[in-house]
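Student: The lines below spell out each chain.
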Amino acid sequence: MKCQYCEKPATFHITELTEPTGPQVMHLCEEHAKTFLNKDPSSGVASIAGVLANQLGQSKEELEELDQKECPVCGISFFEFRNSGRLGCPYDYTHFETDLQPLLRNVHDKLEHVGKRPKRAAASADSQAKMIQLRREMEEAIEREDYERASKIRDELRSMESVQTPGAGSDDGDTDDQQEQRGTLS
Amino acid sequence: MKRDTDFDAMAKAPGEWLRGTGSESDIVISSRIRLARNLADFPFIRRCTDEDRLSIERTVRARMESIAGWDDIQYVDLEQLSDIDRLFLVERQLISREIADSDGARAVAVHPSERYSVMINEEDHLRIQVMNSGLDLQSAWESINELDDTLEGVILYAFHPKYGYLTACPTNVGTGLRVSVMLHLPALVITDQIEKVFRSMQKINVTVRGLYGEGSQYTGDFYQVSNQITLGHSEKELVTLVGEDVVPRIIEYERKARAFLVDKSHEDLHDEVSRALGILSTARKISSDETMHYLSKVRMGISLGLIDDVEVGTVNKLFLQTQPAHLQKLYGRILSSSDRHAERASYLQRHLITGNGSSSLN
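Residue numbers (the working numbering), protein chains in the order written: chain F, -18 to 167; chain G, 64 to 425.
Chain G with its partners taken away, still in its complex shape (with noise of 0.2 Å):
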């Protein structure tokens, strides 16, 4: 297992699941999957001594380590690791804000290709991840599945016949997995009809969060969408419940607003468009929500073909990259806000103006 990350190779390139590639990915950003686990022998953290997060932190490192073919995966001490590089894989969707905030020994293990994670003293003592780019999460299942299994024989997991796989909280017990699907939704938000939709997905036990710039001014139009339930159906049922129930009828919804707004309101969407490349592409200042703001029309844009000289894929790269760890890595350096407002500016139009240095638009 290695043990080195170099965080700076990897913030010039996103994770896999951003490739911005894979069935329905003009609206699917990634599909995710998470199994907590805990170990049989431990309490659960909250009850943890120091002593014994370590003794967890140690233990399972050590098993995974026997694991035959694990060789490449990266170890990552959270614990040792500065507050910009913990927000850095935050950032990533390697770990959870959760994880990087709290005390004591805890870690992640990942897949240098960034599909595979696996957080150690998180709320759980283990949750493990694996994460598609677009809706993918029939193999998703299989690899965690798989993935599960292998820990399985190394580690002896808290388990109850009648409750299942056992969990600090009471909302995760039983399967322990959470389906989540990261979707882009910006013209549900324009044709005001994100809220409706969101409601309806209320009555069959499936959440919506936003994403990115939660209570500010600015969204990105980002929503994750997952199942609140985990005891009393199996996995497959409650990822197709989530896969084939819930999300292509928000893919469904999402493609007639868009449809809608190029037939009713093609001037002024082209217009809207437009001007958020134009932003982007001249801003001298900028901030990581009015980025994300601008980014998803223009994302938007390029799936409805009103811009053709930008890749979806550089836009996904943006997303992440204009990110404050990720910017600060990519500079080399540790910015001040106001700093980082000026070079993330400057980095959106390097990234954004092709050719002869003008940016065409449809």
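One chain only, chain F, in its complex shape (with noise of 0.2 Å):
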């Protein structure tokens, strides 16, 4: 694929998230990448591109490396989410972890989350994970009409669901059961 600016080869596929119409893929060689990077860097919008100027500074073999690694949960690459500034499964937050870090600093400014937090959660990432593929799992089950392994999953996957988050919704003591019994609409 040819620089949209010039006849050079594109090695640069950068999404522009804060774009009024929507994120906008733009295809630029190395160049060409730098100027638009480099165009109003005080302008304060995030952007991915934005963070990806950070990454320009690894050298274009790490990059390219990076750009290979795969979650094994959803199967997205990082040059996928680079090219769509959207993200294919939770877990990715948990396998493209470091490498999702400058990004997230230069957004947010901030690592931690703070502030409400669910009452219930899966106990960890690694749960989270597990849980998408039991679910995949038992979607094939049902597909072969393994009916009796499709209902043992859905048993397995409730379990994980009941799982309380430590130290959350310390300020009621509300179970699942009043929760849903109480309505906020009406």
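What the hints contain is simulated information worked out from the structure, not anything from laboratory work. For each residue, glycine too, the CB sits at the ideal point set by N, CA and C. Keep in mind that a hint or two might mislead.
[Said to hold, decoys possible] Cross-link-like lysine-lysine pairs, in silico, DSSO-like; alpha carbons within 27 Å at most:
(1) Lys100/F to Lys133/F
(2) Lys50/F to Lys100/F
(3) Lys111/F to Lys133/F
(4) Lys111/F to Lys100/F
(5) Lys91/F to Lys50/F
(6) Lys(-17)/F to Lys50/F
(7) Lys91/F to Lys327/G
(8) Lys299/G to Lys75/G
(9) Lys299/G to Lys100/F
(10) Lys327/G to Lys259/G
(11) Lys327/G to Lys50/F
(12) Lys225/G to Lys91/F
(13) Lys50/F to Lys111/F
(14) Lys259/G to Lys100/F
(15) Lys75/G to Lys111/F
(16) Lys299/G to Lys348/G
[As the list claims (entries may be wrong)] Here are the computed distance ranges between Cβ atoms for each label pair:
(17) Gly167/G to Glu124/F: 17 to 25 Å
(18) Glu45/F to Ser176/G: 52 to 60 Å
(19) Glu114/G to Met(-18)/F: 31 to 39 Å
(20) Lys50/F to Asp135/G: 44 to 52 Å
Need the complex rebuilt from these two chains, each delivered in its own frame; the hints are there to steer you.
Tutor: In structure tokens:
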């Protein structure tokens, strides 16, 4: 693919997230990529493109290697994420953790969530990943009409859903059942 | 949960958030908060199969139906909807353009007051939204927090102890919270100060976007101010940032600019506002952008006491009802662009000319 501004090959594929018309994918040569990314560094507009400027500091080989990296749960590659600006599954935050940190720091200036926590959540990132995989297996079991297996997986999924978040929801003692009974819109 | 939504009936009145009531409502149109949430046991939308999307839609719908007190919620299957009905919901700000234009299983659950809506299978599995008229973020936060608690009781969210609520785009991770205040800033536009105000906003992690008429000759002078960051600050801090640190300052600038205009160029301003009302009341054909442009001036004229026989609520309503999908709903049929221009003009005339058919200006 050629750079959209010149005849050189496009080696950088940048998704600009802040365009008012929605994400814009740019295909640029190294030189034009640098110009584009340095265009307005002080605008304060958070974008994945802005962070890629930092990653441009890495060698091309390092970036190429990173682009190959794939999430074992959803299969998305870092390259695809860079192009689309969208991750593939919750486990990406664990699998690409060190690669995403520069981006998170650039966008949010912080790396740790402060604020609300759900009263219940999966026990860990691994168990969250396992739930996605189990659901896939359940769908496959249903497809081959192995309902016994499917119902076993369903039970396993249900038991995983009821894990409480440590330290969350301490402000009141609602159980899940009580919550289901409580409508907020009436 | 109700399934049949009568959009024709809905078109006749705006939702509660457009009433033109509430704090600072001469400048603040509405206050909106949205939360991005994802189900723990599905990939994000981008990696979902068609079956996954369908399964998410059905799961969320079934679980929402299990919530006591949610009987009034209208559930709209967006995949089955016509393009014009989807556009209608975009115009009412109940769904995003993105979900309207995408494919596959997707839906929105809407409270009859239109203050609450939950989009299913947008960029994230769930986008919960609460909208109030005027500047009222505190109660919007309380409402959405409660709504989120209720949904959390029936849906297991994707959550990371360090990164918080996990979202498809890393720009939303953490709280998943976007606070947006829609402002009407005609005087800052006229006095050429709007750019300066926005530049100062960017330094404090707030984004400002033009709302209507983007890239066209006309603008309605509407701007949306939102928080840029979502991670590392509590929901309350983000609500305070937008609602108490930023928006009141912009309101103050706009008021000063309005006072300056009244003081220094009263005749010119009165002339401009009167001409705007004149065009809207007498044009035979008018585009949606042009309508927005002149309604904006009329709205300012009302709040400055230069026009006294048109209510601000009427103007808010006309902003919505003169948009393409609303206009066609009100006429009960599909109109060509040229027909729309004519029907829009006649609709405006009927609603702006009062009493004996002439609109009096102060």
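Student: Now tell me, hint by hint, if it's right for this structure.
Tutor: Hint check:
1. Lys100/F to Lys133/F: holds, 26 Å
2. Lys50/F to Lys100/F: Cα-Cα ~33 Å, so violated.
3. Lys111/F to Lys133/F: holds, 15 Å
4. Lys111/F to Lys100/F: The hint holds at about 20 Å.
5. Lys91/F to Lys50/F: holds, 25 Å
6. Lys(-17)/F to Lys50/F: Given that 27 Å is the threshold and the Cα spacing comes to 24 Å, the pair holds.
7. Lys91/F to Lys327/G: The given pair, whose Cα atoms are some 46 Å apart, is violated under the 27 Å limit.
8. Lys299/G to Lys75/G: violated, 36 Å
9. Lys299/G to Lys100/F: The hint holds at about 18 Å.
10. Lys327/G to Lys259/G: Holds. Lys327/G to Lys259/G sits at ~21 Å (cutoff 27 Å).
11. Lys327/G to Lys50/F: Measuring from Cα to Cα gives roughly 63 Å; hence the hint is violated.
12. Lys225/G to Lys91/F: holds, 11 Å
13. Lys50/F to Lys111/F: Measuring from Cα to Cα gives roughly 20 Å; hence the hint holds.
14. Lys259/G to Lys100/F: Cα-Cα ~44 Å, so violated.
15. Lys75/G to Lys111/F: violated, 49 Å
16. Lys299/G to Lys348/G: Violated, at roughly 47 Å.
17. Gly167/G to Glu124/F: 17 to 25 Å: holds, 19 Å
18. Glu45/F to Ser176/G: 52 to 60 Å: For Ser176/G against Glu45/F, whose Cβ atoms are near 53 Å apart, the range 52 to 60 Å holds.
19. Glu114/G to Met(-18)/F: 31 to 39 Å: Given range 31 to 39 Å: holds, Cβ gap about 33 Å.
20. Lys50/F to Asp135/G: 44 to 52 Å: holds, 48 Å
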